Amino acid sequence: CSLLPSHLLTFYLSTHSTAKYSMWSFLPRYLYLQFSKTANAFFLFITILQQIPDVSPTGKYTTLVPLLVILVISGIKEIVEDYILLLIVNVGDIVKATNGQFLPADMVLISSSEPQATCFVATSNLDGETNLKIRQALSETATMKTEKQLSNLSGKIKCEEPNFHFNSFAGTLYLNEKSPISIGPDQVLLRGTQLKNTEWILGIVVYTGFETKFMQNAVKSPLKRSKVEKVTNMQILVLFLLLLVMSLVSCVGAIYWKDRYRAEPWYIGKSGNFGFDLLVFIILYHNLIPISLLVTLEIVKYIQALFINWDEDMHFKGSNVYAMARTSNLNEELGQVEYLFSDKTGTLTCNVMTFKKCSIAGITYGKSENFCHLLSFLVTLLTHSCCVPFLQPTKEYIKEFLTLLCVCHTVVPERGNNINYQASSPDEAALVKGAKKLGFVFTTRMPNSVTIEAMGEELTFEILNVLEFSSNRKRMSIIVRTPEGRLRLYCKGADSVIYERLSENSLFVEETLVHLENFAKEGLRTLCVAYIDLTEIEYEQWLVMYKKAITVVKDRMKTLEDCYDSIEKKFLLLGATAIEDRLQARVPETITSLLKANIKIWVLTGDKQETAINIAYSCKLLSGQMPRIQLNIISSLFQATQQVISQNCQDLGALLGKENDLALIIDGKTLKYALHVEVRKCFLNLALSCRTVLCCRLSPLQKAEIVDVVKKQVKAITLAIGDGANDVGMIQTAHVGVGISGNEGMLATNNSDYAIAQFSYLEKLLLVHGAWNYFRVTKCILYCFYKNVVLYIIELWFAIVNGFSGQIIFERWCISLYNVIFTSLPPFTLGIFERCCSQESLLRYPQLYRISQTGDIFNIKVLWIQCINAIVHSFILFWLPAKMLEHGSNFIVFCYVVVTVCLKAGLETMSWNKFTHFAIWGSIMIWLGFFAVYSSLWPTVPVAPEMTGQGSMALVCPHFWLGFFIVPIVCLIQNVAWKSNTCHRTLLEEVREMESSGVQVLRRDSVQRWPMCPRWGGVLISVTRMFTVHIYLLTASPCFALSDGYAFSQVERAVISQEELVRSYDTTKNKPQKTFSSATLE
Amino acid sequence: MAMNYNAKDEVDGGPPCPPGGTAKTRRPDNTAFKQQRLPAWQPILTAGTVLPTFFIIGLIFIPIGIGIFVTSNNIREIEGNVFMYYGLSNFYQNHRRYVKSRDDGQLNGDPSALLNPSKECEPYRRNEDKPIAPCGAIANNTLELFQVGNASDLTPIPLKKKGIAWWTDKNVKFRNPPGTDPLEERFKGTTKPVNWVKPVYMLDSDEDNNGFINEDFIVWMRTAALPTFRKLYRLIERKNDLHPTLPAGRYYLNITYNYPVHSFDGRKRMILSTISWMGGKNPFLGIAYITIGSISFLLGVVLLVINHKYRNSSNTADITI
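Chains as they are written, first to last, in our numbering: chain A, 38 to 1119; chain B, 173 to 493.
A hint or two may mislead.
What the hints assert, rightly or not - Calculated pairs, DSS-like style, for lysine-lysine (alpha carbon to alpha carbon, straight line, at most 30 Å):
hint: 1; chain 1: A; residue 1: 97; chain 2: B; residue 2: 291
hint: 2; chain 1: B; residue 1: 302; chain 2: B; residue 2: 332
hint: 3; chain 1: B; residue 1: 440; chain 2: A; residue 2: 295
hint: 4; chain 1: B; residue 1: 291; chain 2: A; residue 2: 920
hint: 5; chain 1: B; residue 1: 364; chain 2: B; residue 2: 332
hint: 6; chain 1: A; residue 1: 295; chain 2: B; residue 2: 403
hint: 7; chain 1: B; residue 1: 291; chain 2: A; residue 2: 951
hint: 8; chain 1: B; residue 1: 332; chain 2: A; residue 2: 354
hint: 9; chain 1: A; residue 1: 114; chain 2: B; residue 2: 291
hint: 10; chain 1: A; residue 1: 920; chain 2: B; residue 2: 333
hint: 11; chain 1: B; residue 1: 206; chain 2: A; residue 2: 633
hint: 12; chain 1: A; residue 1: 295; chain 2: A; residue 2: 114
hint: 13; chain 1: B; residue 1: 332; chain 2: A; residue 2: 295
hint: 14; chain 1: A; residue 1: 264; chain 2: B; residue 2: 206
hint: 15; chain 1: A; residue 1: 920; chain 2: B; residue 2: 364
hint: 16; chain 1: B; residue 1: 333; chain 2: A; residue 2: 97
hint: 17; chain 1: B; residue 1: 332; chain 2: A; residue 2: 97
Because the hints were derived from the structure by calculation, they are not lab data.
Everything numeric in this text was worked out from a predicted model, so none of it was measured.
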């Protein structure tokens, strides 16, 4: 394994063969993939049967040809989509990537432009982490930067089998005449990551295509199938059974027929046996299985997905992001959603933090909107003169408070015309930005110090230690040497942890607590800030301990945290900050609309209860008079949970199981017990009786678990929507997963089925696209079942008069082309253009969503009624012409079938556009044209001798035309009569009538005349009254809520610690072409 | 470096969300098609639209039906050209083994198929090592049926045996083997079907009605769709005077029984008929039209009554859905 000099950019690897994707193996892999689909396997089975001599009544190629067409088309698609991509880079290639590029394959870093051969990559596409990662090349290869050096490079790399672990890699580099060197994850750059802050890198490709970790992860997401699809697949199986039954009946018929004459009539040759006949009939009737349906549906759903992608109403102009259907399998499922599970942060809210209010030394600032003005006014007062006596005592506190906000963080300032702050924590960014507005500007970060401009005065703080944030600690501290030379520890964190550590001398404790409570009630995210002055001795002692701790190998994190803890005590409280997490646009309206559509909304959040409740209030999920049941167990006792839940269930009494105007609020700790097997059912009963459910403090796993429980127990369609890595579980678990393409990386989006930019787009996605797609897909399915049953049951009627011999009634290619050409267009127009009513009406009357939600227009019963209808039609279509045209030709029957089936599509269509007209009238014309042409081909073209002259005879025969008008009408008149049920008009019909009568703008008051749900009506009010008493009891019961609004987000356990991070920057130096994030680039 | 959150300096109350990291550059055209706003007609099946449809169908179909029925019944009088059919019952010309047992290439005059007929013809493909022409089961049991003659002492009625097959069959589908030799020469090397008395080139003295293009043969070869069928046999042309083609009187039909149908409970018939503008006599079509027209009319009346009865109550029901 040595490098050939001529192959400059090739490096030979000895591990695994890349032949997996070679030309030779593509075919078998592809064929395996295709024939593992049931439909194709069935096709293949029929094709093979047809090859047995003398069995097939339809010739040898009538199934083979369509099958080949399908295989070739999807083969080309496959090649275009995947195969071509794989050819771009090969394993062993040496690749050069420049700043900002997305890497095309997994590769081992050889060298880079940066000193020490390091480089930075953004991995948010992969794991959703927003922080940049450092990678470093091996020192042995770090010097190889020129082509000449690379051409002399030869050796091999051994690496592990492809896997999906992002953070692991094990390999060995064997350079010629050198001892082997091991390669770890620090040297590996993954496909899908983006090169940042690095001019260029060189790397050797080790995994390509499906072997890359990116693809290995992508493959893992579960394949979801919609309810409609499951029902359809099941019924196709039932049809298969019907096919077998029909074949068996026909075989028995054949035996009976032969028996009648003891032997067969002398003019017919000898016959086959029972088994032979069975095969004949299976081939004869096999088209009963609507194979074309599957192909049709795939195309239809693909176009439906395109409509979602194209929708301008779901186009977020702010970032130019369109909605994206990442799968087309679930289009119709969007029309059936009953339970909506929503994340809070980043989904209902923007995840843009704004420093709104604060409490300093017991006084709150920012009561009104113009918080900034007020505070800066105060600051100005402080600086210029201290003439306001009552402010005098708090002046120093305000200064200290703002200094803390400027110093105690891990934000990096980016110098431009304006200072841009780069932070991994949105909260910190908001605080630093807020401080800047108040005249305390954080300007420079150096490895060992930070510089701030406090009201024009430049101050430099030496950073001694960073005591990192973790969700366990709920706080972060920083030890600095102030410009005056004092040692000071600044800390910010959750009220609960800060209050525990307050010194007895701390002031404003009570006032600040009240303020915190108020902040939390407003839905603001709170942090407490405190400080402590350290003595040199204290610090020295601690430093010794700290140095010991950082060298510990085992449990270093725990040891470090203990070490931090030992110095974070006797705090002096400064005050508290309140950050607003703004609601996204139109969230309350969307939620109101979805509730009207009878969708139950559950909010699942990792955030605090109070914050969640407040967000729920502001987005109209909760209303003032809505009674609440809160389940919070302080003592982590299983029995207590059980008791509370069953108590609540009892209180509900007869209302249990019905939908009440109630809200249930539960936290993660309690939920753990509530989902315990014994209590689960009881809890679910309670939860399902409530209109709104809020679950707070949930772990990602719990989010997924709760979705799973509802999905399994209630058997309703669930939808989960979220934006962060912590929502991936529930997005994958729910029937439909929707990702918000927002700030928190791409992980949620990459695991979702549909990605939208704003929560409010959900309204259009569900109420319009969902409802439409449901109508479309179900009508398409029903219609495909109908048309196949109509045509192929005729074969059964014909078998009765031809002695069950298996003779086909129509010409063989006509039968094959029936689904491919003559009746192929109507299913497409139904599936693509069908519209129950306009978008505006669907949005205006969310109640219309119930039609698709309940699934009344598509279920097993409806499907079989349609099939029975088809059987009746086939009966009429065969026997009426048979009686009417005594000596007529059987091809005329085929004409009538095509006409009837096309007109039936017209009857099903609720909205005719130009394509619909073309499909329905066009199909009939195409058949007539084909009939005329096809019957004059023989003998010039060697097909269909039995068709010769049929066209010219039939098309001029008055009998043909008389039947042409009467037979379809006889079939369809019953359907028309059935459909035109004039006594009970549904809401949909009323809306449609209004639309067609030209009332474009419908009055709002007419909406209110339709109550949301008839069951509620007057009962609702009495329920509410009855419950106020209970609620009082409930909230006073063990449900105790600490009213703190603590929330803080920060990246934890990154490859580079927060301490390392702040040490690695010197923002005084100019770094050309360096950018910290893609957002800045744009 | 945990440096990806970009805290831009935005004004309070500014744009709701900062750009996501996934800006796409797809720019769909804002067309009616892509935004699903194509103009469309929304038919609504209400009393207003359905009732007139039912009445119109009724009003159109009933007269047509009566017209067809009357025309069909008038065919009784034997005027104009008279068509003579033979009919068979319980004869399964549509049986799979029977239908496929032919070689259309051979019948089209293809020389190679003539000497090497298709395998579909088995077991009537070869006889005594010679290819059968025409091969197959359909051809094997034909012809001998049609031996009709008149009583010797009566006036014979001229029966025209040409013009009974479809034009395309006679001129396109069925062709004798090519060549200018006498027909016998062109069929050299073949043998007659097992059940035939004469070889195919001796069916008629008329060169234009002999061999594969013999019209009796062609008519038989177009297999019937149902087990009870009739096929055109002869034409009795109307003479130039004003007399009926077949004036009232006694007619004799001489039939030789040499086609056994007893074994399969078959029946043979002979039918004489004239045809009108819409074909032969067939009362069923007229009755069908009348029936459907009446049903449609009746449905219209029923719906009208229902609609009238429930209309008032329905309005109130709508509001309380």
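Going through the hints against the structure:
Between residue 97 of chain A and residue 291 of chain B the alpha-carbon distance is near 14 Å, which keeps this suggested pair within the 30 Å criterion. Distance check on the hinted pair: residue 302 of chain B and residue 332 of chain B sit about 34 Å apart at the alpha-carbon level, beyond 30 Å; violated. Between residue 440 of chain B and residue 295 of chain A, the direct Cα distance comes to roughly 21 Å. Compliance with the 30 Å bound is thereby established for this hinted pair. Annotation: proposed proximity of residue 291 of chain B to residue 920 of chain A is violated, straight-line Cα distance about 35 Å (limit 30 Å).
For the proposed pair residue 364 of chain B and residue 332 of chain B, the alpha carbon gap of about 26 Å is at most 30 Å, so the pair holds. Among the hinted pairs, residue 295 of chain A with residue 403 of chain B is consistent with the structure: their alpha-carbon atoms are about 26 Å apart, no more than 30 Å. Note on residue 291 of chain B and residue 951 of chain A: the hinted pairing is violated, with a Cα-Cα distance of about 50 Å set against a maximum of 30 Å. A distance of roughly 84 Å separates the Cα atoms of residue 332 of chain B and residue 354 of chain A; the hinted pair therefore is violated under the 30 Å criterion.
With a CA separation close to 41 Å, the supplied pair residue 114 of chain A and residue 291 of chain B exceeds the 30 Å bound. For the hint pairing residue 920 of chain A with residue 333 of chain B, the CA-to-CA distance comes to about 28 Å; that is within 30 Å, so the pair holds. Restraint check: the Cα-Cα separation between residue 206 of chain B and residue 633 of chain A comes to about 28 Å, which is no more than 30 Å; the hinted pair holds. The straight-line distance between the Cα atoms of residue 295 of chain A and residue 114 of chain A is roughly 51 Å, outside the 30 Å bound, and the hint therefore fails.
Between the alpha carbons of residue 332 of chain B and residue 295 of chain A the distance comes to roughly 39 Å, so the proposed pair goes past 30 Å and is violated. A hinted pair counts as satisfied when its Cα atoms are at most 30 Å apart, and residue 264 of chain A with residue 206 of chain B qualifies at roughly 27 Å. Distance hint between residue 920 of chain A and residue 364 of chain B is unfulfilled; the C-alpha atoms sit about 37 Å from each other, more than 30 Å. For the hint pairing residue 333 of chain B with residue 97 of chain A, the CA-to-CA distance comes to about 39 Å; that exceeds 30 Å, so the pair is violated.
Using a Cα cut-off of 30 Å, the hinted pair residue 332 of chain B and residue 97 of chain A is violated, with the two alpha carbons roughly 43 Å apart.
Hint compliance for this structure: hints 2, 4, 7, 8, 9, 12, 13, 15, 16, 17 are not met, and every other hint is.
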